[in-house]
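Now that you have both chains on their own, put them together as the hints suggest.
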Amino acid sequence: MKNVLKRIIFGPKEKEKYWWINVLVPIIAILLALVVGAIFIKLTGRSPIVAYKLLFGTSGLLPGPYWKDHFAEMLLSTSMFVATGLSFAIAAKAGLFFIGAEGDFLVGGITATYFGYAKPFANMPTFIHLTIIFIFVIIMGGIWGAIAGYLKVKKGIHEVISTIMLNWIAVYLIEDWLVIGPMKANVKTGISGTPYVSNTARLPIILHGTRLNISIIIMIIVTYLIWFLLYRTTFGYEIRAMGYTLIYGMEAPKAGGVDIDKRMIQVTFLAGAVAALGGAFIVLGILFQYPPVFGGGYGFDGITVALIGQNEPLGIFLASMFIGGLRTGAAAVQLAHIPKTFPSIIEGITVAFIALQELIRYWLMKAATAKKKSYVKIQGGADE
Amino acid sequence: MNSHTLLLLNSTIAQTLDYAAPILFAALCGVISENAGVVNIGLEGIMRFAAFFGVWGAAIAKNPWMGLLWGIALGIILGLMHGYITVKWAGDQIVSGIAINVMALGIGTYLLQAVFKTTGYSPPVPYFGAEVNRIHFAFLKHIPVLGAFSDLTFLVWLSLITVILIHFILYHTVLGLRIRAVGENPQAAETLGVNVFKIKWFAVITGSVSAALGGVALSLGTLSSFTNAMPMGKGFIGLAAMIFGKWTPFGALIASLIFAFAQVLQLLLQSTASGVAKMIPLGFYLSLPYFLTIGALIGVVGKAVAPAADGIPYKKEG
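Protein sequence lines, in the order shown, are assigned to chains A and B.
The end of the first sequence is residue 384 by this note's numbering, with every number in the run present.
The end of the second sequence is residue 1318 by this note's numbering, with every number in the run present.
A portion of the hints provided could be inaccurate.
Claimed, not checked - List of simulated lysine to aspartate or glutamate pairs, EDC-like, C-alpha gap at most 16 Å:
no., chain 1, residue 1, chain 2, residue 2
1, B, Lys1278, A, Asp176
2, B, Lys1316, A, Glu358
3, B, Lys1315, A, Glu358
4, A, Lys155, A, Asp261
5, B, Lys1315, B, Glu1190
6, B, Lys1088, A, Glu358
Quick caveat, the hints were computed from the structure, so don't treat them as lab data.
Note that the structure is predicted; figures quoted are calculated from it, not measured.
Same shape as in the complex, but just chain B (with noise of 0.2 Å):
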């Protein structure tokens, strides 16, 4: 393999993991909630909102890990609301996480505007790809595949860690067992003696910070500044790779992926088209990523079974 192909190689795959970043941590959002029965459609909202805050308490602190603690402590707080809704008042999950979006859409403006001054952007804060902040492992540079692993930022790290840690929690501890039974069948669960209330609460406010780490990886991960359009549907299509990937950590790392990889894939010919790929219309690229995910749900993977009792609202009997 010739250095330039080798390069390419590992730039790709760098590439598709800082794409997948967000994606990912939205769709372990929703593997972990709706585990537990709880759908959290307000994931594009809380993305949204540590987006922004990441940016702020980086920009105040010169630091972006003061921003990744904001937006985690968003993130908490945001999951409490649709806890306190959805768990304790047992109110419709779709309704209150549309209710985190439109919110979003407008704070976030109200507050860019009221904190930074300005309307498109917020200004350049500290982030986790600048060169001083990335993690290197010089060593790797010159292997085929493993190159990639040499020069990523934390917060790629963090979401593939994650992804092994929310495995690990659903399938080999007894809470694992516990949120899946209580996305099963809560009264049986209740009747076993597990506090349905409890691990739905647990559940929602652990995924809610998820996806607002998704949030901070958008806009201080490869980027370093807030903008006004986050997240791009980044929280919706986190939603369809946990549906494809059929509401495991894995399916979901798979999933997010495929659409990253379509993505720079898209960008990649997009950028070498020559001759009569030159013809094709831009829009044609553009829509790849989106066409190739409905056409890898024909292809290859089956009916997508939700757990038994996701987006049902528990109550007590009687």
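Next comes chain A alone, as it looks inside the complex (with noise of 0.2 Å):
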């Protein structure tokens, strides 16, 4: 029995000889970054062991004082970091190149915005509201995302140029049309930004105490639904095979009768629609109005995030929960002087060794055989 739900979860199990290589790379990386981190701490005049205390001390990773409220604050981050990483990757993984997760992220929180406190579904009780509002903020999203990919299948427009563009576009419209405009805030109220949504539109806190929401419940749920999809349907082969074969101009997939261009208008919906999640937990769960600067910057972390994790849906999740951590400790790290952007510089720097990660597969390698070879010495059969 035990098994049998096994096998529906997980499905056949498949083992690759090194697998523990794939994990230890970004371990190994981000402990690098950190070294190197502290170089640069240490060279600016100041003391890495107090930054690093300060940062680790509050970044919810670790058990310390206030534990509690920090590690509810990581995991508010993390679920909006896996919604944007998990879009860069779910596109990677076809062969795309795709960054519109920034915009996407912008429909998300709009959209989410304005189902939360238009009037019709204002008064409905939350359960059935933020169905309504998540399946709008879902459409949306992945409309947007949609038309990058629809633009290059139709019209051959490269996804580079039309993500950034697209998310040019959201952030005037929405921030410069929107917001200032038909979805402005009664003046009489004196909110700047758009009006707040309505108590039943606001996410479900499970932790009491804290501001942390089922936002996390449902990235798990999708990280799930997503890593699913990648590996046990036929749909995540078919996209999987287009990326392996990106190089070759995915001449294999098309003979064997994949539709190519119906799979990259699908692979940017979806795309859209889980960064567009992200830009609803944060309206829904944190902001709950969409203000006059929305001061983004979740797209591009995503694909930091990603590139940390791999491109796994599993390796998104725990990547997530590092850079959240970062983030929720960057505040304290101010107390010794350093700004709080410095985390973006252990994430670049942990970015810089992932791509140099033929090296430390290298290193790995050569430590792996050589440990056997001495094994083999030991027991005193013969080599080759």
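Next up, the structure:
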């Protein structure tokens, strides 16, 4: 029974020989980045030990004073990084360099705001109200993402161009039109930005006394669903085939009968929809309105997260926790006279070492094979 | 042509060139490096680094030329880093580029606070846009179109010269032929005795220097300080301009000019709007350049084809 259940959830087992190298690469990259970061702090005349103590002490990743609060904040931002990280990774698996998460995130945010305060919905029970909001968020975010896919397939416009343009269009149309125009809060209320969403549109809190809400549970489910989609369905198999054969013009899947054009539009829809969830979380769980200036960045952080997580759903989830922790602890490092953008230096260096993974893999492989050889010698067995 | 329209025409062209320079430098970085098969998405970060170090250098020496040198030096250093990861270790080019971008974000803010003790802006420093540092051709002033070239900064001229230079190198020299060969089919180039790694190193570093010049053009061109929001996506726009221009220097020039003109037009429309046009929300004006770019790609340009081996790490056989 247990095995049957296991097979349903995780599918048949497949194991690579050196699977642990894939796990070690991001960990080593992070450790090396922390070392380089420490040197950097030292060079600018501050104490790395104090800085790291403050950073990790308040990151929510390690137990300590006020752990509950930091832990909640860490998971809160984790859910948004997972959203944009998965968005990038799904498209990357299909061989697309989709950097539109930034725009999709904003589209998700504004959609959630609108359906959060608009009249006919505002008095429904929470469950129904939230369901309606998320359906529209997924549709709108998906459509915004799918525009890039459509333009690539039908007009041959490279997804890098279209997503960059769509990101800016989203920023300007939302912040310099909707938020200051049709969706502006009544002047008399004295609120800048849009009106606040109704109480029924706020995400239920799951950890009493903190802001932690169901967004993290939603993202755990979504992470699993994306993993299942990628590795246990025909759809996932086909888009991975597209990604693998990207440099050969996707000839093999084409010959195998995959409708590449259709799949690309579907993938961009999915990528847009997942990123839009993040925007909905920040509106429905933290801000409760769309402020005049959103101060985004989650979209591009998603790329970082996806790269550290090696484009694998579980890896992205863990990487998001790490980045979420760094961001939560960021405010505290200011006590050591270090700007709170310091964590992005660590993130950047981590990504640099991820890029250098050929080197790390080379070392690890050498270490692994060296061990085996000596083992063989002790056994006195034949070599080769 | 009366003197008012003449002035407007010339100043619009001059503004367009001014606005285009950073984008053009970024696009040229992409052109030279991707023609050798190395994608450099880190140009946004390189621009930020160079914009900051340019201002730093100019502040210390009280001279924009020192800023330019610092910027170029930064370009070389980051080029070496990108090359070490992508050429030496055949690492993922996108990942390496993103690493540069993310680091630039953090280090830029960090150093701004550490060096200038400010958060949003650096204090003003000597810059190329200052009256004494501009390049004047007084005799051109009253000629339509050419008048725009009577009062430009050194960096705008440099961006235009770089276009010609890179075009010449790519299409009229042996080195250029090798660069393109490496970008199309590195194995074949290797068989013919081309040192693929050397060519790639050269292209990556030259490209980074170009992107760094773009960063310097941002902070020391028409502005005289580093702002923390720099480069505000200009690097990515440059990347788009490179694809728009089909990986050629003159294509990149045209694409950058179209985009820059759309920006200038947008500002012009906003300031001269009257009657019904006043009713159009600000957001539509601001997003106009981006709509125009997509529109131009749909309408005019056909499918853009990258160099065949673009983005594929090269490893020697055996």
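Taking the hints in turn, this is what the structure says about them:
The straight-line distance between the Cα atoms of Lys1278(B) and Asp176(A) is roughly 14 Å, inside the 16 Å bound, and the hint therefore holds. This hinted pair checks out: Lys1316(B) and Glu358(A) have alpha carbons roughly 14 Å apart, not beyond 16 Å. For the hint linking Lys1315(B) to Glu358(A), the alpha-carbon distance of about 11 Å falls within 16 Å, and the restraint holds. Note on Lys155(A) and Asp261(A): the hinted pairing holds, with a Cα-Cα distance of about 11 Å set against a maximum of 16 Å.
A distance of roughly 11 Å separates the Cα atoms of Lys1315(B) and Glu1190(B); the hinted pair therefore holds under the 16 Å criterion. As the CA atoms of Lys1088(B) and Glu358(A) are separated by approximately 10 Å, the hinted pair is consistent with the 16 Å bound.
Checked against the numbered hints given earlier, the structure satisfies every one of them.
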